[in-house]
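Given only the sequences and the hints, what does the whole structure look like? Please build it.
The listed protein sequences correspond, in order, to chains A and B.
Here the first sequence stands for residues 1 to 185, numbered as in my numbering.
Here the second sequence stands for residues 1 to 185, numbered as in my numbering.
Honestly, I wouldn't trust all of these hints.
Stated by the list, open to error - For each label pair, taking beta carbons as the anchor points, the in silico distance ranges come out as: (1) A/Ser5 / B/Val135: 42 to 52 Å; (2) B/Arg37 / A/Arg103: 45 to 55 Å; (3) B/Pro74 / A/Ser5: 55 to 65 Å; (4) B/Pro74 / A/Gly138: 25 to 35 Å; (5) A/Met44 / B/Gly138: 29 to 39 Å.
In short, the hints are calculated from the structure, not lab data.
Just so you know, even glycine gets a beta-carbon here, dropped at the ideal spot from N, CA and C.
There are 2 protein chains.
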Amino acid sequence: MSRPSKRARTSDALVQAALDLFEQQGYEATTVGEIARAAGVTEMTFFRHFPAKEQVLLDDPYDPGLIAAIGAQPLDDPPFLRAARGVRGAWRALPEPEAPVIRRRVRLIAATPALRGAMWRSTGNTEAAIVGQLVDDGAPVEVARVAAAAVLAALVTGLYTWAESASTSLADAIERALDVIEVRA
Amino acid sequence: MSRPSKRARTSDALVQAALDLFEQQGYEATTVGEIARAAGVTEMTFFRHFPAKEQVLLDDPYDPGLIAAIGAQPLDDPPFLRAARGVRGAWRALPEPEAPVIRRRVRLIAATPALRGAMWRSTGNTEAAIVGQLVDDGAPVEVARVAAAAVLAALVTGLYTWAESASTSLADAIERALDVIEVRA
DNA sequence: CCCAAAATGTTAGCTGCTAACATTTGACCA
DNA sequence: TGGTCAAATGTTAGCAGCTAACATTTTGGG
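If you want it as structure tokens, here you go:
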């Protein structure tokens, strides 16, 4: 039952300081040096914890649950629908306690063009994983790529409107975003 | 019938030099200074023509034809389908003479993570225009946003696979990408 | 041909980010 | 408890992207 390692504590301090400063003065107006100083640490140390300024807001953990949920969709459905419904299922099953923190982060990202770009690039892992699953299940690569990209785009957009809106539940927002894409004729 | 203005000539020289250097040594390994020198000009001048290094590859002209094509889709269809079919129609009508240049650019973008992010951010104008059209035609904003994002994601992904593939026609590639998304139940 | 405006050059500086080396701090064990 | 080795941090130096302010040249139209 040791207290969190020093590394973890520093990381947290940096993330907190960054969130506060970004919200106060905006992302671009905030210097990595400022963040570091506010966290009681050096600029160099910041970059030892995060490879780039943006990464203090964007960690994109590869999510095995999501991939499994997609794999569990009926193989007869077109890849696009399998991906969409898989994402839907995975998020429905997700706990929402961290919602407030997520909202702060997403709100900042949505409001900063540079971060929107970074966000998109940072979904690379997830996108690759989805493509992998779809291809394993027999979809052609080009098809899988488009399906993954479109579904993730919908998901991210849903996140943005959720973050900006006042009080909706995260799961509901995701569901509504996916409804837009899963058109039933 | 005056020859192209000096500004235009310098811009072209910069774009050409950038394309060549990027292909030879990669995007990140190429310096703005190098590009400028290869174009017979100063680094400062580069930034007077393009606000950022990426922008030498990514100009995103707002496309009125595309918006019109979306507006022309049946109002009864769901926004997502209207956007997808509008994009389909607009690209089908497009001339393909510039395909070789486009391919060089897109190939570079597809191969460079940093540029993929920038590409995504640079579609912002188009995305906003699509959202505007859909909303004007009665769609709720949140719905329009998701529809526009998903369709553009599919389009861009289609562009990427087209650029990497050998000889397909651009229009065909786009069509196939949109086929993935427009699932008919 | 001439001259205002446009295009370019110069210098200086800030911020993000990296490398290489020195120093401190902390966790674990004798 | 005290020591020890590795992890975490600090320092310095430097490059690349990008901006600002001011000086200089070039252009194209009257």
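Structure-based check of each hint:
1. Between A/Ser5 and B/Val135 the Cβ separation comes to about 49 Å, which falls inside the hinted range of 42 to 52 Å.
2. Against the hinted window of 45 to 55 Å, the Cβ-Cβ separation of B/Arg37 and A/Arg103 comes to about 47 Å, which satisfies the hint.
3. Take B/Pro74 and A/Ser5: their Cβ atoms lie about 60 Å apart, and the range 55 to 65 Å holds.
4. Distance hint check for B/Pro74 and A/Gly138: the Cβ-Cβ separation is about 34 Å, which falls inside the suggested range of 25 to 35 Å.
5. Between A/Met44 and B/Gly138, the C-beta spacing of about 54 Å breaks the proposed range 29 to 39 Å.
Going down the numbered hints, you'll see the structure goes against just number 5.
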